Amino acid sequence: MAKDNQVLEEITSKEYEHGWTVNLEADEAPKGLNEDIVRFISAKKNEPEWLLEWRLKAFRHWQKMEEPKWPNVHYPAINYQDIIYYSAPKKKKELTDLNEVDPELIKTFEKLGISLTEQKRLTGVAVDAVIDSVSVATTFKDKLAELGIVFCSFSEAVKEHPELIKKYLGSVVPMNDNYFAALNSAVFSDGSFCYIPKGVRCPMELSTYFRINAANTGQFERTLIVADEGSYVSYLEGCTAPMRDENQLHAAVVELYAMKDAEIKYSTVQNWYPGDKEGKGGIYNFVTKRGLCFGDHSKISWTQVETGSAITWKYPSCVLKGDYSMGEFYSVAVTNNYQQADTGTKMIHIGKNTKSRIVSKGISAGKSQNSYRGQVHVMKRATNARNFSQCDSLLMGDQCGAHTFPYIDVENQTARIEHEATTSKIGEDQIFYCLQRGIDEEAAVALIVNGYAKEVLNQLPMEFAVEAQKLLALTLEGSVG
Amino acid sequence: MGNTAVDIDLNKEIVSSFSGQDFSGAIDSRELALMHFQKLGLPTNKSEEYRFTPIGKNLSKNFTWKTVSTESTIGSIEPFLMEGVEASVVVLVNGIYSSKLSHIKHDKNEITVMSLTDAFKTHEAIVAQYFGKNLPTESDSFVAMNSAFWQSGVFIHVKENTNVEKPVLILHVNDAQNAQVNSQTRLLAIVEKNSSLSVIEKFESVGDNYVFHNFCEEIAVKENARLEYCKVQNDAGKSIQVANTVIHQSATSKVDTFTLTLDGEMVRNNLTIVIDGENCESHFHGLYLLKGNTLADNHTVVDHKKPNSFSNELYKGIMDGNAKGVFNGKIFVRPHAQKTNAFQSNRNILLSDSATVNTKPQLEIWADDVKCSHGCTSGQLDEEALFYLRSRGIPADTAKAMLLYAFALDVLAPVKNESLKTYLDKLISDRLHKNF
Numbered sequence: 000m001a002k003d004n005q006v007l008e009e010i011t012s013k014e015y016e017h018g019w020t021v022n023l024e025a026d027e028a029p030k031g032l033n034e035d036i037v038r039f040i041s042a043k044k045n046e047p048e049w050l051l052e053w054r055l056k057a058f059r060h061w062q063k064m065e066e067p068k069w070p071n072v073h074y075p076a077i078n079y080q081d082i083i084y085y086s087a088p089k090k091k092k093e094l095t096d097l098n099e100v101d102p103e104l105i106k107t108f109e110k111l112g113i114s115l116t117e118q119k120r121l122t123g124v125a126v127d128a129v130i131d132s133v134s135v136a137t138t139f140k141d142k143l144a145e146l147g148i149v150f151c152s153f154s155e156a157v158k159e160h161p162e163l164i165k166k167y168l169g170s171v172v173p174m175n176d177n178y179f180a181a182l183n184s185a186v187f188s189d190g191s192f193c194y195i196p197k198g199v200r201c202p203m204e205l206s207t208y209f210r211i212n213a214a215n216t217g218q219f220e221r222t223l224i225v226a227d228e229g230s231y232v233s234y235l236e237g238c239t240a241p242m243r244d245e246n247q248l249h250a251a252v253v254e255l256y257a258m259k260d261a262e263i264k265y266s267t268v269q270n271w272y273p274g275d276k277e278g279k280g281g282i283y284n285f286v287t288k289r290g291l292c293f294g295d296h297s298k299i300s301w302t303q304v305e306t307g308s309a310i311t312w313k314y315p316s317c318v319l320k321g322d323y324s325m326g327e328f329y330s331v332a333v334t335n336n337y338q339q340a341d342t343g344t345k346m347i348h349i350g351k352n353t354k355s356r357i358v359s360k361g362i363s364a365g366k367s368q369n370s371y372r373g374q375v376h377v378m379k380r381a382t383n384a385r386n387f388s389q390c391d392s393l394l395m396g397d398q399c400g401a402h403t404f405p406y407i408d409v410e411n412q413t414a415r416i417e418h419e420a421t422t423s424k425i426g427e428d429q430i431f432y433c434l435q436r437g438i439d440e441e442a443a444v445a446l447i448v449n450g451y452a453k454e455v456l457n458q459l460p461m462e463f464a465v466e467a468q469k470l471l472a473l474t475l476e477g478s479v480g
Numbered sequence: 000m001g002n003t004a005v006d007i008d009l010n011k012e013i014v015s016s017f018s019g020q021d022f023s024g025a026i027d028s029r030e031l032a033l034m035h036f037q038k039l040g041l042p043t044n045k046s047e048e049y050r051f052t053p054i055g056k057n058l059s060k061n062f063t064w065k066t067v068s069t070e071s072t073i074g075s076i077e078p079f080l081m082e083g084v085e086a087s088v089v090v091l092v093n094g095i096y097s098s099k100l101s102h103i104k105h106d107k108n109e110i111t112v113m114s115l116t117d118a119f120k121t122h123e124a125i126v127a128q129y130f131g132k133n134l135p136t137e138s139d140s141f142v143a144m145n146s147a148f149w150q151s152g153v154f155i156h157v158k159e160n161t162n163v164e165k166p167v168l169i170l171h172v173n174d175a176q177n178a179q180v181n182s183q184t185r186l187l188a189i190v191e192k193n194s195s196l197s198v199i200e201k202f203e204s205v206g207d208n209y210v211f212h213n214f215c216e217e218i219a220v221k222e223n224a225r226l227e228y229c230k231v232q233n234d235a236g237k238s239i240q241v242a243n244t245v246i247h248q249s250a251t252s253k254v255d256t257f258t259l260t261l262d263g264e265m266v267r268n269n270l271t272i273v274i275d276g277e278n279c280e281s282h283f284h285g286l287y288l289l290k291g292n293t294l295a296d297n298h299t300v301v302d303h304k305k306p307n308s309f310s311n312e313l314y315k316g317i318m319d320g321n322a323k324g325v326f327n328g329k330i331f332v333r334p335h336a337q338k339t340n341a342f343q344s345n346r347n348i349l350l351s352d353s354a355t356v357n358t359k360p361q362l363e364i365w366a367d368d369v370k371c372s373h374g375c376t377s378g379q380l381d382e383e384a385l386f387y388l389r390s391r392g393i394p395a396d397t398a399k400a401m402l403l404y405a406f407a408l409d410v411l412a413p414v415k416n417e418s419l420k421t422y423l424d425k426l427i428s429d430r431l432h433k434n435f
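Line order of the protein sequences matches chains A and B.
Throughout the first sequence, residue numbering follows numbering that gives the first Met the number 0, covering 0 to 480 in sequence.
Throughout the second sequence, residue numbering follows numbering that gives the first Met the number 0, covering 0 to 435 in sequence.
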């Protein structure tokens with residue numbers, strides 16, 4: 000099984016060699032942002048007129064908006080005119096041997112338990128293809144197509160399924176939803192689109208490993224997943240391996256749309272470059288993620304493991320519109336050194352008998368600041384709404400901070416809302432217990448942290464969960480003692 | 000506060016409504032506060048701290064900023080007293096200290112209770128040391144307004160090593176029978192080392208006109224001292240009240256507070272407890288029983304600045320009719336405030352479909368060796384418990400009141416004075432049996 004996966008990964012990672020990607024000419028837009036740039040991006044991607052109009056409309060909204068100042072994060076002002084908004088994917092320098100790769104990176108891979116072949120793939124070392132790449136990938140694509148599942152890059156979907164894109168684009172996150180969503184709507188580079196037809200249960204986890212056109216979708220990514228009546232899909236985003244990226248600002252948008260009886264499970268593992276130990280550099284991850292439980296009995300579940308990025312600002316939310324619909328949010332956010340995270344969720348109960356569950360585990364170490372910010376809103380019509388929230392914070396070291404900002408707004412008397420939060424440190428007695436049994440301090444911390452985050456990690460698909468556990472330990476390395 | 004546009008005309012109107020009054024004492028601090036107020040203006044719903052409580056809007060709509068009238072026809076305070084509670088009574092009518100109605104029973108060698116305006120003359124040194132030191136004058140418009148225009152107030156000073164047994168009851172009576180009332184009052188209380196004090200505040204208003212009561216309190220609890228503080232807000236229908244209370248605790252001091260909100264159109268309590276010494280203990284409880292169109296907003300802050308202290312907060316609310324309950328509880332644990340234990344709980348029951356609750360418990364922690372938690376719930380009465388009582392022949396209304404009473408009762412724990420406890424217990428029980 001594992002071997003098969005590796006093979007698949009190898010192959011799909013090389014996909015654009017086989018010409019699946021549109022327009023590979025390496026050209027860039029000039030720096031800055033104005034209507035011409037938006038037109039340039041749209042033209043480059045051969046987009047239809049209506050999409051260009053949509054982008055322009057978003058751009059005009061964005062111009063009138065102000066960058067939000069309320070998150071509990073601090074960073075120097077971003078110069079939006081100093082960013083290149085379109086650049087075609089650049090080819091990486093091909094290396095011939097792992098010895099040429101940064102030894103630090105190799106050490107990290109070893110700790111994560113990533114196989115040698117995969118290491119090569121991730122660092123861009125050329126590998127021999129074992130099986131005929133095209134056939135495997137085609138089998139995989141055929142299998143999905145057979146079930147009627149559409150899974151392709153966003154640009155491809157605009158061409159092949161314009162009616163779906165037109166209908167659902169911006170239906171969950173409107174183009175003028177917030178500053179970064181508007182920016183994304185104006186200049187989004189590419190992303191993925193997924194449509195699961197009525198009654199279909201997607202047979203595999205759709206992940207970036209398998210994703211078509213995954214490489215370098217750029218800093219303004221857009222994901223749209225539509226699950227039709229009675230369907231099910233589990234989608235994985237991200238990767239445990241550290242991702243180094245030249246783009247400092249990432250403003251992605253993810254929209255999930257679940258119809259009657261449909262279920263979407265969305266898992267994220269994010270480990271982008273967090274900056275060095277002095278807090279220099281690192282990615283700003285400003286993401287808008289929202290799911291709409293449109294139909295009755297629909298369900299959306301978010302799971303996230305956030306360990307990277309200098310600044311994380313994201314609130315995967317659920318709008319529970321359908322009666323009996325259900326939203327879930329499981330999160331582990333780890334910050335170390337000078338990282339800052341302001342993350343959480345929103346559960347908007349609109350339909351009757353809607354349920355939501357929030358489990359958030361924050362871990363802060365070093366000089367980092369970790370905030371949970373969430374809202375549970377029960378609207379007037381939402382009879383018998385039920386919510387359970389648990390937000391725990393773990394502090395390591397006396398220079399970090401943990402903050403909780405939960406908003407609970409109830410407008411219906413039948414709602415039952417529970418919210419709990421705790422803040423504590425790793426118990427000295429727990430560490431002592433481990434030390435006594437010959438487990439060194441670092442391993443003890445990893446053990447305790449994993450136990451603490453278990454409830455969330457359990458929600459991850461199998462392969463991810465194992466790597467995520469190691470990732471937690473790795474991120475916190477050297478933070479105790 | 001994030002106000003983008005300050006209404007200059009309204010500001011002028013407010014400022015001019017206070018003209019012609021005698022503002023003796025603290026002239027410099029008044030000028031500075033006026034400057035802050037003009038910059039801040041009244042809060043809008045855009046400001047995070049007043050998001051759910053449109054006090055600024057309500058005042059602009061209902062309150063005419065006419066020149067303040069302090070006349071009152073109230074001759075007796077008998078109906079406003081607390082039955083069975085033996086205490087020194089200090090009365091402020093329409094924001095003005097009334098020495099005629101006040102009745103101080105305490106020994107003058109142990110405790111000083113007097114008008115704050117007088118204290119500026121007779122106790123200058125001590126007033127200067129404590130006055131205006133801990134209030135957020137630069138950031139809160141109501142504190143700024145009060146600091147600029149306070150008309151009168153109460154000064155309490157307890158000498159070292161003194162145990163003051165009888166409580167001091169501060170009675171705020173606002174008489175809006177003939178005209179709108181604008182009361183801007185203050186309290187400055189100092190409990191010196193190894194002493195103890197119990198303060199009760201009661202707010203009453205009569206008449207059908209709007210009352211705006213803006214109240215600032217500063218209480219310093221010195222080393223090893225004890226404070227019991229109880230506030231009863233039972234104003235008539237058209238009262239808008241803002242209270243800013245800051246309690247400053249020194250090492251090994253202990254503070255118990257209890258806030259009961261029963262009536263008024265809009266009530267906003269900002270209670271801040273600054274723990275500025277080691278080994279302190281503070282319990283602060285609150286209960287809001289709301290009906291009609293009442294909005295009660297409790298914003299509390301516990302600021303743990305020093306290590307080894309304990310704080311425990313419990314606020315409960317029952318909302319009926321169109322009532323709105325707002326709760327915001329902040330716990331700050333500053334760097335180096337290690338071994339802090341801070342707990343907070345907010346529990347709510349909604350009894351009608353148009354009642355709402357907005358609660359935001361907030362933890363901000365910068366020290367690692369701490370134990371902090373908060374919890375909050377919103378729900379309704381347990382159907383099974385109701386059924387159990389009804390099946391034993393108890394009428395539905397009584398059964399409901401019994402369950403609500405059981406839910407509400409434990410917030411009375413910090414009240415140690417037996418007669419006060421009995422009084423409050425009866426007040427709550429009556430309310431639950433008659434009004435809901």
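Be a bit skeptical, because a hint or two may be false.
Dumping the calculated DSS-like pairs for lysine-lysine here, alpha-carbon to alpha-carbon at most 30 Å [what the hints assert, rightly or not]:
1. Lys237(B) to Lys469(A)
2. Lys276(A) to Lys104(B)
3. Lys237(B) to Lys379(A)
Some chain A residues judged to face chain B by a derived CB distance under 7 Å, without partners named [claimed, not checked]:
4. Leu32
5. Glu34
6. Tyr85
7. Pro173
8. Phe404
9. Ile416
10. Glu417
11. Ser423
12. Lys424
Bear in mind the hints are in silico, worked out from the structure with no lab data behind them.
Because the structure is a prediction, the values reported are computed rather than measured.
Virtual Cβ for every residue (Gly too), placed ideally from N, Cα, C.
Results of checking the hints against the structure:
no. : hint                   : result
1   : Lys237(B) to Lys469(A) : violated, 61 Å
2   : Lys276(A) to Lys104(B) : violated, 65 Å
3   : Lys237(B) to Lys379(A) : holds, 27 Å
4   : Leu32                  : violated, 25 Å
5   : Glu34                  : violated, 28 Å
6   : Tyr85                  : violated, 35 Å
7   : Pro173                 : violated, 21 Å
8   : Phe404                 : holds, 5 Å
9   : Ile416                 : holds, 4 Å
10  : Glu417                 : holds, 5 Å
11  : Ser423                 : holds, 6 Å
12  : Lys424                 : holds, 4 Å
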